[in-house]
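Enquirer: Residue-level listing of the chains:
Number of protein chains: 2
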Amino acid sequence: MPPLSLDMRLDALLDGLARSDTAALARAISLVENQREGFERVLSAVHKRLGKRGTQRIGITGPPGAGKSTLTEQLVRAYREHGLKVAVIAVDPTSPFTGGALLGDRIRMESVSLDPGVFIRSMATRGAQGGLATTTEEVADVLDAFGFDRILIETVGVGQTELDVAATAETTVLVLVPESGDGIQTLKAGVMEIAELYVINKSDRPGADKLRQEIEVMLGIRKGNAFAHVPAHQGRPAPSNRPAGRQAVGPSDWESPVLTTVASKGEGIADLVTALDRHHDFLERTGKFAERRKRRLAARTRAVVNRAIRQWVWDETKAEELVARRLDDVSAGIRSPYDVAAEVLDQVRNGK
Amino acid sequence: MPPLSLDMRLDALLDGLARSDTAALARAISLVENQREGFERVLSAVHKRLGKRGTQRIGITGPPGAGKSTLTEQLVRAYREHGLKVAVIAVDPTSPFTGGALLGDRIRMESVSLDPGVFIRSMATRGAQGGLATTTEEVADVLDAFGFDRILIETVGVGQTELDVAATAETTVLVLVPESGDGIQTLKAGVMEIAELYVINKSDRPGADKLRQEIEVMLGIRKGNAFAHVPAHQGRPAPSNRPAGRQAVGPSDWESPVLTTVASKGEGIADLVTALDRHHDFLERTGKFAERRKRRLAARTRAVVNRAIRQWVWDETKAEELVARRLDDVSAGIRSPYDVAAEVLDQVRNGK
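Protein chains in written order, with numbering that gives the first Met the number 0: chain C, 0 to 351; chain U, 0 to 351.
If we strip away everything but chain C, and leave its shape as in the complex, we get (with noise of 0.2 Å):
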């Protein structure tokens, strides 16, 4: 029997998908993380399902340390008490020498991984080229084409490339324990300011009514008030009639609120989920769900035109090897890279 087409095996897969087989699940994922042919042709067909139900995209990070493994299990219990299904998606740094990711799915989130509401899959930030985001939100579009409720998206560290990573959900949850004060002026220029929930870790340590006094001083300060101290609150618009002095914002702002868990007691964690339920209320509310979706989309089809030029270029021109023939001189200084990417440009106009 001859081996199957590529077409006849996408569309088994997309069979699978549409009867909820997991094992297809899996495999579709795969295809999209590795960027396998016919990967378009798949996201092409589940982009087409999305956007019908309310799924809640929830991204998850915060500095190594602070506990977000512990915290998204608790997560994924709760919505289960709830009977939603849940889909968590790790995203690892990489090893350069022993790979990131490998370790991940089997050690995390014992508790919740034999049952079959819950997805986790772990994720290496190698080989997505600055592209981890627009991997990540391909296989969060799989996810929830496959129906499920929410998916949480939790990133290990708080660098750039994380931060990029949590932004493409909806609501993102930065967590920090209390030694975290230490760093705060530092993580304060766009660490900080990312989320729409903050959630301090470990709260029975001591320092963490500081932090959170730090941290709503700091939102005060974003807003342009310094004396505009955000109440402790789960969340919810910001109130129409403030006190004198505060600035005014109107009912479609939303007061990003600090809270406290001991997510390794459960502690804190049944306000957590009544805040990101209230934060994603708020955005269906004030239209600001369709909005964010529709920018997302926008820049998401940017990343996905520059993905298939480079691969266009380097797999389908003569642009290896033409770079290849120049490295010695560009080592040597005889020419430059930027000489050699003009070079480039000249044939892959000229459709060589």
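There may be inaccurate statements among the hints.
Chain copies aren't distinguished; within one or between two, either way the pair holds.
Computed cross-link-like contacts, DMTMM-like style, restricted to lysine to aspartate or glutamate with a CA-CA straight-line distance of at most 25 Å [to be verified]:
hint	residue 1	residue 2
1	Lys51	Glu36
2	Lys47	Asp338
3	Lys287	Asp10
4	Lys47	Asp328
Read the hints as simulated data drawn from the structure, not as lab findings.
Chain C is fixed; fit chain U onto it per the hints.
Expert: For chain U alone, kept in the frame of chain C given last:
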């Protein structure tokens, strides 16, 4: 008088660089960082002046709060005492609200910032979409050609982007604090293994010895022998007469040392400088310096080609127009981003 043409302005800029004019240096870096018209020409000229001297590029990375800025400041002072000219590139995570690096230049390293032998530059991660490592390397090239003897590249955060940036240097220093022990299991994969030098800063706090042991065990494991503890030393090529039972490593292997510092008091800085010099000598002596440079140039040339192609596609073809026209269909689920990418690629291939 008519305004100067682009060519005349670039000529003036290159003349300024050749005359060691610091104002020209600042202008050249801005041109490169913002990829303004003509930046490739400047970088091409710069490229041809590189690799003649023994400039050392040192990446300094680690979690927020580890004291990297203070350590960098101390390193700058130490090098200045040796009569060396030092440049610092501080790469900050960008704030989506305030712009990350704006404040950086002013508050950083006050004690050394008035010294004419020191040049400090902050760079934001925003803007250099997926290409921050390339841009940082290009700015380092400009500083290298200008005549700085040491270029310190300090990154904030321990994410993938920050690692990529730090890895553009030939020597990468990972700065930790005793409290980092908590997160070390998480850091292991990827983040830990990139460094040629480990520094435990604030080592007068409890836990420094324990962390050093943990790192040493990890480095032993990495080499395939859990019992091969690497002794604390100042960094040296692996000795050839190793005791029985330890894995043999040739003289062409480098054993990453674990150093301790209290940067705020200047403690341990002299040892760090010695270790950095040894690593540089090691790279030169074993031919790894040239090898590494060649590999980086190959990667850079590819990155520069990708950037040039991307700019061409969006600025000079009808891609932007087509994507804009298709966005409503994409949002409505009628077309997918992949359908649009295929259309754009088709246009580009056919020279439109």
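Enquirer: Look at each hint and say if it fits the structure.
Expert: The hints, checked one at a time:
{"no.": "1", "hint": "Lys51 <-> Glu36", "result": "neither (28 Å within a copy, 45 Å between copies)"}
{"no.": "2", "hint": "Lys47 <-> Asp338", "result": "between (43 Å within a copy, 11 Å between copies)"}
{"no.": "3", "hint": "Lys287 <-> Asp10", "result": "neither (35 Å within a copy, 49 Å between copies)"}
{"no.": "4", "hint": "Lys47 <-> Asp328", "result": "between (49 Å within a copy, 11 Å between copies)"}
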